[in-house]
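**Student:** Listed below, chain by chain, are the residues.
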Amino acid sequence: MALTEQDIEQITRVFRESGWDEMRLKVGGATLLLSTDPDNVDGGFSSARSDTPPAPVSTKPATTPAPASPPQPVEGLLVRAPNLGTFWRRPKPGAPAYIEIGATVDEDTEVCLIEVMKLFTPIKAGSKGRIVEVLVEDGEMVEFDQPLFRLDPLD
Amino acid sequence: MGTLARVFVANRGEIAVRVIEACHAEGIETVLGVSEADREGRGAELAERAICVGPAAAQASYLNPGALVMAAKGTGCDALHPGYGFLAENAGFARACAENGILFIGPRPETIEQLGDKIAARRVAAEAGVPLMPGSEAVGSVDEAVARADAMGYPVVIKAAAGGGGRGMFVATDADAIRGCFEKASAEAAAAFNDGTLYMERFIANARHIEVQVLADDHGNAVHLGERDCSAQRRYQKVVEEAPAPVLPDAARARLHEAALQLVRHIGYRNAGTVEFLYNMDRGKPCFIEMNARIQVEHPVTEMVTGIDIVREQLRIAGGAPLSFAQADVVLRGHAIECRINAESPGRDFAPSPGRVTTWRPPAGEGLRLDSHIREGDLVPPFYDSMIGKLIAYAPTRAEALARLGAALDDFAVEGIETNIAFQRALLAHPDFVRGGVSVRWLESVLMLAVNAQEG
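One line per chain: the protein sequences are A and B, in this order.
Going by this note's numbering, the first sequence opens with residue 1, and the numbers climb by one from there.
Going by this note's numbering, the second sequence opens with residue 1001, and the numbers climb by one from there.
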């Protein structure tokens, strides 16, 4: 299965949340290297190439975080998708986004829409906080329970 | 239409695994839609990708057409396999797939609709010249039901028009019995199928459940793959299935096959399907019950005796290919018997027994096949059907297949949950079953008495 741009974004997110230092993923002819070390430009590829091929890695993004990795403490709060659907940051095309990074929200603040077959449901933040990260691209399909926003909690 | 490249599997459990493996054998990628409870399952491990379509409750995941179609589209699938159960025979779901450019691996939506309405199905079966049980159209009231039954003769069975699986089904031996159960049957049917419409058929106590497997493509080719006997049933749920049907006269067998093909040709059926009959043991005559427009749980016994992979054929048919073989190429050899292995407690009236499977050591050997999604350490979740696998034995003769399956059940070690394995062992060993040709009432009457007596 060829990697799509979406796949790479999701894999990157999984990697970010994993606490790993490095991840090398080979799918078909393409190799994806993710590393926390900014100096790792080569990624050890030259040495890896002479080795046996890397162990096959599942390309399942976000569905199952590798069970081997210990649970990471979540920094901040997450707003999660209540159902599978398309993530929309604006109430309609051309309109301003529901929420931008840095904005403060409370439990009832609407932060996005999830669309399932032309049915649009506004999603509320569910807790008080400041938006620090938007984890999904506008128009991307999200799975059930997928994190959408990261919040810094506010009392 | 070209061949399929990526198939979305909209099911769980053993059938999800079966479909994924068939896709891989055809060189097709798979995406599995999982509920939150199945994220870590064997199917999710085998598929190229798994995507969580909803929470554990089936209503919000495996029975959620919007989420499933959306997930299929969003992951770039060109087709969807519905498995059995859940949305496999939901015409609206098949239509939603088509509207979103996803090929539904099954019959056309109109066919699903026609066969799903059991009264309409009786009508087309009659048109096709298929022998029918004497019965009625929809009965709107208790008084109408009594009048019809008086004319038809008792006993009668009251059934849900939208039904299946025994829900909304009652047997009545006289007018008072109809008055006693009519409202309840209608309420049960309405609760289960959103449609309380009822109809009636003459009830035959001394009957066997015999069904014919068919395959039909989009090019007008239709073949049958012989019959299966699924008479060992408890509460209208099949427990053991075998192919071919034992102790059946050749003429009756041929008549069943021909009747099934008459119906399939008449409605222009496409996909794998099963035409179900009740075989009247007193008169040696089959009567049509219904046609199931999907792959069935018990398809492996037919695969074992024909050597044809029915799921792979479904994929090829959906891809637009003509059937790769003709009726004359279908040769039935040997005998196959399947036991459904359930996480349930026969000692507690077959109550479901979900939990962690701490030991899972299935038997293996010549002529044995296990279709299952269970790995040691897996959790059998409490949200779904209790079937955890199907053990199938194949041998040149029925007696050898029975012996092989019995020995295999003895070797099947499962711990952590209760199963029906010992019950299945007792069933296979019962002299009536060994002789073959038991009726649909046999398990609940004769076998249960014998099993309870042994335990008491």
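There could be a bad hint or two in this list.
[Stated by the list, open to error] Mimicking SDA-like on lysine to any residue, the simulated pairs with C-alpha atoms at most 20 Å apart in a straight line are: (1) B/K1073 - A/V134; (2) B/K1073 - A/K128; (3) B/K1073 - A/E100; (4) B/K1073 - A/E9; (5) B/K1073 - A/I8; (6) A/K118 - B/F1203; (7) A/K118 - B/D1385; (8) B/K1073 - A/D138; (9) A/K128 - A/V116; (10) A/K118 - B/E1127; (11) A/K118 - B/G1437; (12) A/K124 - B/P1055; (13) A/K118 - B/R1361; (14) B/K1073 - A/K124; (15) A/K118 - B/K1073; (16) A/K118 - B/V1446; (17) B/K1238 - A/I114; (18) B/K1073 - A/D108; (19) B/K1073 - A/E140; (20) A/K118 - B/A1060; (21) B/K1285 - A/K124; (22) A/K118 - B/G1066.
Simulated from the structure, these hints should not be mistaken for laboratory data.
**Student:** Confirm or reject each hint.
**Tutor:** Going through the hints against the structure:
1. B/K1073 - A/V134: 24 Å, violated
2. B/K1073 - A/K128: 35 Å, violated
3. B/K1073 - A/E100: 29 Å, violated
4. B/K1073 - A/E9: Status holds; Cα separation ~19 Å.
5. B/K1073 - A/I8: Within the cut-off at roughly 18 Å; holds.
6. A/K118 - B/F1203: 47 Å, violated
7. A/K118 - B/D1385: Given pair A/K118, B/D1385 is violated - Cα atoms ~31 Å apart, limit 20 Å.
8. B/K1073 - A/D138: 17 Å, holds
9. A/K128 - A/V116: Cα-Cα ~27 Å, so violated.
10. A/K118 - B/E1127: Not satisfied, since the Cα-Cα distance of roughly 41 Å exceeds 20 Å.
11. A/K118 - B/G1437: 53 Å, violated
12. A/K124 - B/P1055: Since the Cα atoms of A/K124 and B/P1055 sit roughly 19 Å apart, the hinted pair holds (cutoff 20 Å).
13. A/K118 - B/R1361: Judged against 20 Å, a Cα distance of about 47 Å means the pair is violated.
14. B/K1073 - A/K124: Outside the cut-off at roughly 26 Å; violated.
15. A/K118 - B/K1073: Given pair A/K118, B/K1073 holds - Cα atoms ~14 Å apart, limit 20 Å.
16. A/K118 - B/V1446: Roughly 55 Å separates the two Cα atoms, so the pair is violated.
17. B/K1238 - A/I114: Given pair B/K1238, A/I114 is violated - Cα atoms ~41 Å apart, limit 20 Å.
18. B/K1073 - A/D108: Status violated; Cα separation ~31 Å.
19. B/K1073 - A/E140: 12 Å, holds
20. A/K118 - B/A1060: Distance ~17 Å between A/K118 and B/A1060 Cα, so the pair holds.
21. B/K1285 - A/K124: With Cα atoms ~63 Å apart, B/K1285 and A/K124 exceed 20 Å; violated.
22. A/K118 - B/G1066: Measuring from Cα to Cα gives roughly 10 Å; hence the hint holds.
Hint compliance for this structure: hints 1, 2, 3, 6, 7, 9, 10, 11, 13, 14, 16, 17, 18, 21 are broken, all remaining hints hold.
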